[in-house]
Structures are given as structure tokens and as C-alpha cells.
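**Student:** Mapping the sequence shown onto the numbering used here, position 87 (from 1) lands on 87, and the numbers just tick up by one.
Quick caveat, the hints were computed from the structure, so don't treat them as lab data. Some hints here could point you the wrong way.
[As the list claims (entries may be wrong)] For lysine-lysine, the following DSSO-like pairs were computed, each having C-alpha atoms within a straight-line distance of at most 27 Å:
#, residue 1, residue 2
1, Lys-93, Lys-127
2, Lys-50, Lys-39
3, Lys-444, Lys-454
Given the structure is predicted, the values throughout are model-derived calculations rather than measurements.
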Amino acid sequence: MAVMMLVLTSLLVIFIFSFLKVAYDTISCYFLTPRRIKKIMEKQGVRGPKPRPLTGNILDVAAYVSKSTSKDMDHITHDTVNRLLPHYVAWSKQYGKRFIFWNGVEPRLCISETEMIKELLTKYSTKSGKSWLQREGTKHFIGRGLLMANGSDWYHQRHIAAPSFMGERLKSKAGLMVECTKNMLRSLQNAVESGQTEVEIGEYMSRVTADIISRTQFGSSYEKGKQIFHLLTELQSLCHQATRHLCLPGSRFFPSNYNRQIKSKKMEVDRLLLEIIQSRKDCPKTTYIPCLLIPRLSGQVCSSWSTNLYTNFFPLLQLNMVVSESLRLYPSGTLLPRMAFEDIKLGDLDIPKGLQIWIPVLAIHHSEELWGKDANEFNPDRFASKSFAPGRHFIPFAAGPRNCIGQSFAMMEAKIILAMLISQFSFNISDSYRHAPVVVLTIKPKYGVQVYLKPLNS
Numbered sequence: 001m002a003v004m005m006l007v008l009t010s011l012l013v014i015f016i017f018s019f020l021k022v023a024y025d026t027i028s029c030y031f032l033t034p035r036r037i038k039k040i041m042e043k044q045g046v047r048g049p050k051p052r053p054l055t056g057n058i059l060d061v062a063a064y065v066s067k068s069t070s071k072d073m074d075h076i077t078h079d080t081v082n083r084l085l086p087h088y089v090a091w092s093k094q095y096g097k098r099f100i101f102w103n104g105v106e107p108r109l110c111i112s113e114t115e116m117i118k119e120l121l122t123k124y125s126t127k128s129g130k131s132w133l134q135r136e137g138t139k140h141f142i143g144r145g146l147l148m149a150n151g152s153d154w155y156h157q158r159h160i161a162a163p164s165f166m167g168e169r170l171k172s173k174a175g176l177m178v179e180c181t182k183n184m185l186r187s188l189q190n191a192v193e194s195g196q197t198e199v200e201i202g203e204y205m206s207r208v209t210a211d212i213i214s215r216t217q218f219g220s221s222y223e224k225g226k227q228i229f230h231l232l233t234e235l236q237s238l239c240h241q242a243t244r245h246l247c248l249p250g251s252r253f254f255p256s257n258y259n260r261q262i263k264s265k266k267m268e269v270d271r272l273l274l275e276i277i278q279s280r281k282d283c284p285k286t287t288y289i290p291c292l293l294i295p296r297l298s299g300q301v302c303s304s305w306s307t308n309l310y311t312n313f314f315p316l317l318q319l320n321m322v323v324s325e326s327l328r329l330y331p332s333g334t335l336l337p338r339m340a341f342e343d344i345k346l347g348d349l350d351i352p353k354g355l356q357i358w359i360p361v362l363a364i365h366h367s368e369e370l371w372g373k374d375a376n377e378f379n380p381d382r383f384a385s386k387s388f389a390p391g392r393h394f395i396p397f398a399a400g401p402r403n404c405i406g407q408s409f410a411m412m413e414a415k416i417i418l419a420m421l422i423s424q425f426s427f428n429i430s431d432s433y434r435h436a437p438v439v440v441l442t443i444k445p446k447y448g449v450q451v452y453l454k455p456l457n458s
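Based on the sequences and whatever the hints tell you, model everything.
**Tutor:** Okay, structure coming up:
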């Protein structure tokens, strides 16, 4: 009996201790840490809009964005900062280049000074990274892979993945990219021959990028790779709503329709990935020989486009300039977040542990102070010289050690698709096109991109 009482007492002590720890961690996360950070930043003169309990400024941001994107833009213009980052525009006017706002209970310091941005991305790459809210909000879409990894996990994954996006391995993918693009061009040609003069080019771009990713990354499991790509696209839309669901303690455990959808799609992605992995394990070693030869052979037989494509075509400065200018005006992400994992010094600011730094990429790319009076105009010639500053003024792929590992792959893909497309077709924006860019994790045209298409050989 005494032994039983001792065991029960021990279990009770463990339970109470665990409960108190969870309670303290919750109170610290939702109240104590935000309050501490707010006081530290206010002492340095950094202020911002007043946050609401638990939701912070989420409702304010939602109201700004809802109003700015409620209508189409009056005409086609690249001046999109007021539309896509209206809260940044309003608060930077009110509080200056540095201000703090709240994403739920997570404090975010907005900075647009380029020297501070360079220092953060290069000097403090190991002392900053992805926050808990980011990691939880995207774990079903991105998981705990390279993009959301921190510290030693990030270093380990980066070290393993990096060779696939460099040198000969990267060059070997050019042939497959050309073949996928040829398939897309045939589809466009068939559409034109069937009487279509207008196409939604965004649909074709989505298909060819899914095709390229599936063929280059999943090889013989190509069809399953396409299914995974489409499921991840659906998860991307759901994960865009994550912040509003995560700002309440324990909300990710609620049996809500949102959580059920996320879980269902994530399970399907995991199932397909495990099937691909198992099929590779079951495959005899000898069957890998064709898998290794196919990319090399496809690069040798896919006509003049892939012949010396990498060495002879890519140095063309003009194509680089066009793609770079497009990425300046429409970077895939409007912002770049980094959380401080320990106290750091950034310029003249003391950044406390737990503060997330928010870099408004879109606003920096459209800054007249940095790019001149024509900052909102499409002018590829600005990239003919090195007057711009990669890593400070131009950061579509971030910068420093944590820059996008796939940027060379993405640039090669974009240049191949663009070059092959303009070699066979001329196109103009359709009268039915509605200019209404929106952000769903990345910048997207709300109603697609309708163009008039005409074969050059007609």
C-alpha cells in the first residue's frame, strides 16, 4: 500500500510539474515575452500600431488588404506596393522606416534600411531563422525541410541538398526542361490550330513548371510527382490562412474543417512520397543505370535548343536582364521574415531574442530612393550595370548563407521557357485581362493572365 501511495504521489508531482511548465510556457509565449520585447523596442524609439489581445494587428492588416484588393486596378501598372502592402505603406508613413507590429502575439520589426538588411542576412544567418508561428503555419505545406529548418538541422539539410543545384548536376537538367517546354509549346500550338486566339497563359506556366519539377526531381515516379505538386498547391492556399488559426492557444488541435482539410491532404502527400521511396528501395541497383543515362541522353538528342544550351545561351545578358527586372517588380514573396534566436546588435538597434524582423521585399524593390524615379516601370536595362546591390536592393531569393538553394534552377528554368516561347509565338495582353495582383503566400494574378497568341511562322 505504501509503495502504491509513493507511486501515485510521484505521478501527481510529475503531472503538477508538467502542468505548471506548460502553463508558464503558454503565459510566457502569449504575454510575458511580447510585453518584454515591446518595452525594449519602445526605449529605443521604435513604436507601431497598438495590438489587440491575442490577435495583435492581424485584423488591421486584413482590413487594409481587403480594402486595397477589393477592386481591380484602374489600369495595368507595376506600382503594386499600395495594393499588396497597404499596411506597410500606412504604418511607415506614420511611424517611419522602423516600426513594430504584431502578428498575433508575435512581434515583428519592420526595417527597410538596406545596410541593416545586408548585416542581418549575412552576419547573423546562424543567429536568426524561422519563428514558431511560421514553422507551425507551414508545416503541412513545407514540413520541417530546408526552408523551415533552423540551426544544425538547416546546415545538415543544406549540405545534403546543395550539390543537386550546382555544376554538372544542374546542367544535366537542362535537357529535361527543354523537353517539358516543348510539350507545352505543342499544347499551345494545338490550341491555336483549334481556333483559339486567346489563352490563359498562367495555366500553361503552372503545368510546365509542375512537369519540370516532377521530371527532374521524381524521375520515373513522374506521375506521382505531379500529384504531389498539385496537392502542395492546394495546401499552399490553406496555409495562407494559418496565422488566423494559430493566434489562439491550442487552435491547431480543434476538430475544425480547416484542420481536417490540412490533415487529409498532408496524409495523401506523405502516402505518395512513401510509395516513391519504397519503389526506389525495391528497385534493383541495375535499374538505376537507365535512370542515370536518360537525362544525359535526352540532353544529347533534343535538337538545337539543348545543344550547348548551358554554355552558349545563358551568358546572353539581355535575357538575364528581363528575368531579373520581372523578379524585381514581382518577387515571389512580398516579405522576408527572420526571427532573432538570441540578442543581437543590428546597426544602432539592440534586437532582443524572440523578435521577428520583417523585410518588405516588394517595397524595397519599388523604392524610388534606391532605384530612381522609374522604379515602377519595366526597364531591364537597369540590370546592364552593377549599380544595383544584390543582397540589399535586390533580394528576390533572399541573400547570404540562407539564400534560396534553388535560385539557379529557377533562373535556368525561367530563361529556357521564356526563350523557347518567344522564339515560336508573339503575344499581347488580351482586352479581357483584369489587372488584380493578390498575395496567396506568393504574388499571383487574381484572374489569371489572358493573352492573344500568334505563331511566328504563320
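**Student:** Now tell me if each hint is right for this structure.
**Tutor:** To see whether the hints hold, each was checked on the structure:
1. Lys-93 x Lys-127: It is violated: about 30 Å lies between the C-alpha atoms, which goes past 27 Å.
2. Lys-50 x Lys-39: holds (13 Å)
3. Lys-444 x Lys-454: Holds, because 25 Å separates the two Cα atoms, which is no more than 27 Å.
Hint 1 alone, counting from the list given before, is not met by this structure.
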